[in-house]
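Whole structure, please, built from the sequences with the hints as guidance.
The chain contents come next:
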Amino acid sequence: MNHPLSSDSWQYRELNSRNPGLDHLSNGLIRLVEAGQPVVAGSADLQYSNGLNRFAERFPNRYFGFGISEQHMVSAAAGMATTGLLPFVATFASFLGLLACEQIRMDIAYCGLPVRLVGHHTGIAMGFYGTSHHATEDIGTMRSIADLTVVSPADGPQLEAAIVASADHDGPIYFRTGRGREPDLYEVSTPFAFGKAVEHQVGEELTIIACGMPVHPAVQVARKLASRGHSIGVIDMHTIKPIDRDAILSAAERSSLLMTIEEHNILGGLGSAVAEVLTEEGIGKRLIRHGIKDTFALIAPPTHLYRHYQLDEEGIEAVVLDAIRQHGTA
Amino acid sequence: MQPTEPEIERLRERARFVRLETIRLIEIAKVGHYSSVFSAAEIFAALYYDVMRLSDDPKWPDRDRFLMGKGHAAVGLFPILADKGWLAKDVLDGYTRLGNPLGDHPDMRKVPGVDFSSGSIGHALSNGIGMALGGRMQGRDFTTFVMLGDGEMQEGQVWEAAISAAHYGLNRLVAIVDRNGYQLDGKVDDVMGIEPLDEKWRSFGWEVHVVDGHDIASLTALLRRVRADEMRNKPCCIIARTVKGKGVSYMETEPGWHLGYLAPADAERAREEILSRVI
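First to last, the protein sequences are chains E and S.
For the first sequence, my numbering assigns the number 1 to the initial residue and increments by one for each residue that follows.
For the second sequence, my numbering assigns the number 331 to the initial residue and increments by one for each residue that follows.
Keep in mind the hints are simulated off the structure, nothing from the lab.
None of the values given here were measured: they were computed from a predicted structure.
Among the hints, a few may not be true.
Derived coverage of chain E by chain S (criterion: at least 3 residues anywhere in the stretch with Cβ under 8 Å from a Cβ of chain S; other residues may be distant) [said to hold, decoys possible]:
| hint | stretch |
| --- | --- |
| 1 | 65–72 |
| 2 | 98–106 |
| 3 | 168–175 |
| 4 | 212–225 |
Taking CB as the label site, the calculated pair distances span [what the hints assert, rightly or not]:
| hint | chain 1 | residue 1 | chain 2 | residue 2 | range |
| --- | --- | --- | --- | --- | --- |
| 5 | S | Asp423 | E | Ala146 | 25 to 31 Å |
| 6 | S | Glu602 | E | Asn61 | 55 to 61 Å |
| 7 | E | Ser189 | S | Asn563 | 45 to 51 Å |
| 8 | S | Gln468 | E | Ala193 | 29 to 35 Å |
Backbone N, C-alpha and C fix where the C-beta goes; we use that ideal spot for every residue, glycine too.
In structure tokens, the structure reads:
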């Protein structure tokens with residue numbers, strides 16, 4: 001019984017058109033293949049969520065569906081890399097950086113293989129799908145694995161730029177990316193350098209060091225507060241490991257306060273990484289770690305969760321002003 | 331495909347070499363997996379001294395691959411790699427000493443000739459599938475052999491891999507299950523039973539053969555046949571029925587030898603038995 005569906009209805013295979021930011025994953029891979037890189041891609045039953053179906057349609061012989069077997073997919077990608085291929089495997093960050101953590105450690109990082117792991121829909125981007133689908137620990141697990149580079153792009157264009165830049169990068173990389181609905185902050189042509197943070201604003205009262213989704217609202221907040229006479233800096237620390245120590249040190253030098261913002265538990269993630277640098281360098285600056293405060297996130301649509309956890313513009317503005325009020329020297 | 335009598339004699343001698351070297355190396359470490367190597371000694375010998383396509387270059391892209399799900403038997407592999415000339419003799423003799431690349435488990439970044447690192451049980455078949463996929467995609471006709479422990483059959487990832495190899499029709503992938511019947515805590519059948527193992531693999535879409543893993547003639551003939559088979563359109567699993575500790579009588583009847591140490595006098599008696607017995 002066919003009946004016409006309204007134009008607002010949609011089904012799973014159309015999902016990737018709703019996650020345009022993740023189109024940049026396939027775009028980046030297609031560009032690498034066109035540049036002669038031996039790229040292959042794999043996914044664990046989520047090709048329409050991460051948009052790899054576009055890569056698969058373009059290069060069917062280079063795409064491998066692994067079914068719902070994330071651990072196997074990671075181990076198999078390692079085997080493929082030993083034959084000279086450059087594998088990219090993608091699935092939800094919770095099932096990559098957490099479920100397949102040990103395979104990443106043993107088969108990818110310990111073996112020093114150039115596999116690229118793309119954990120998408122990270123943080124609390126899966127909203128009401130719940131804790132099983134949230135990844136608020138993956139920076140912590142991934143950055144504690146030796147020889148693994150950890151990158152958290154702020155948007156789709158930066159993901160694509162990082163993927164293309166990874167052709168010249170030895171060793172394995174974990175990309176931690178959102179759900180593809182973040183507003184764009186960058187252009188695809190914006191240069192990307194692993195381990196080199198992007199400074200958006202320079203500030204004296206407080207510098208925000210953020211990664212991933214919160215970078216965009218943080219930039220908006222800094223601009224808005226600047227118009228009200230505040231001096232807020234923003235650094236996009238897209239590479240969490242190896243971290244850009246110089247960027248942290250110069251921010252600490254000119255700002256009274258530092259604040260990390262991440263879509264991740266404040267334990268083990270970016271906040272911890274920045275705190276390590278400050279402590280090691282003997283810098284007694286106050287650091288406020290903003291993010292998910294060691295709790296399992298509630299269930300709600302993602303935007304509602306961002307509001308609840310103060311990771312949207314309004315929330316970030318509030319926590320920044322609060323920090324200045326409580327701890328600022330001005 | 332049947333090996334000749336001189337070939338059989340040579341392979342027997344190589345299996346004996348694997349057992350003797352294992353005893354010698356474990357004397358250095360003062361602890362090791364004797365019996366896990368002894369059950370697989372004929373498999374090592376048949377693969378490395380007859381069946382596998384190898385060259386002087388351990389990185390030759392067209393070489394056959396060998397992976398060990400039961401990485402704890404690496405002490406039996408290292409002497410072979412040294413014998414092939416890929417590993418210096420003094421490195422072998424420094425087994426497990428500070429800074430030496432040879433430990434209880436194999437490390438591909440440190441040891442030439444190790445095709446993949448292992449130690450975490452359950453990964454190797456997936457690693458081998460990746461190699462087989464990569465080889466096929468790039469038009470290379472090497473065969474990938476993956477030796478698995480029977481206790482390893484309890485790991486879920488093995489069955490993810492088994493599904494995947496059949497799905498992709500990986501006809502140049504051969505899994506060899508060293509069915510010695512024991513794992514650390516006791517008999518595999520008591521700890522977590524895995525039978526009927528042949529039916530499991532067959533139902534997962536694999537061609538299955540069962541062989542006496544110590545009958546070097548039958549084992550080598552089967553491996554030769556499986557490697558040469560151009561008609562098979564699916565992966566192949568060989569269940570090698572073996573005896574844990576084979577070659578040293580008291581180890582064969584005492585499963586506790588999965589991990590242990592033989593003091594010099596006992597090691598000497600074990601050597602004598604290995605040299606005097608024909609397996």
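Okay, the hints, checked on the actual structure:
1. 65–72: holds (count 5)
2. 98–106: Holds: 3 residues of the stretch 98–106 of chain E have a Cβ under 8 Å from chain S.
3. 168–175: With 0 residues in contact (Cβ-Cβ under 8 Å with chain S), the coverage given for the stretch 168–175 of chain E is violated.
4. 212–225: violated (count 0)
5. Asp423(S) x Ala146(E): 25 to 31 Å: holds, 29 Å
6. Glu602(S) x Asn61(E): 55 to 61 Å: Given a distance of about 57 Å, which is inside 55 to 61 Å, the answer is holds.
7. Ser189(E) x Asn563(S): 45 to 51 Å: holds, 47 Å
8. Gln468(S) x Ala193(E): 29 to 35 Å: About 31 Å separates the Cβ atoms of Gln468(S) and Ala193(E), which means 29 to 35 Å holds.
Consistency with the previously given hints fails for numbers 3 and 4, ordered from lowest to highest.
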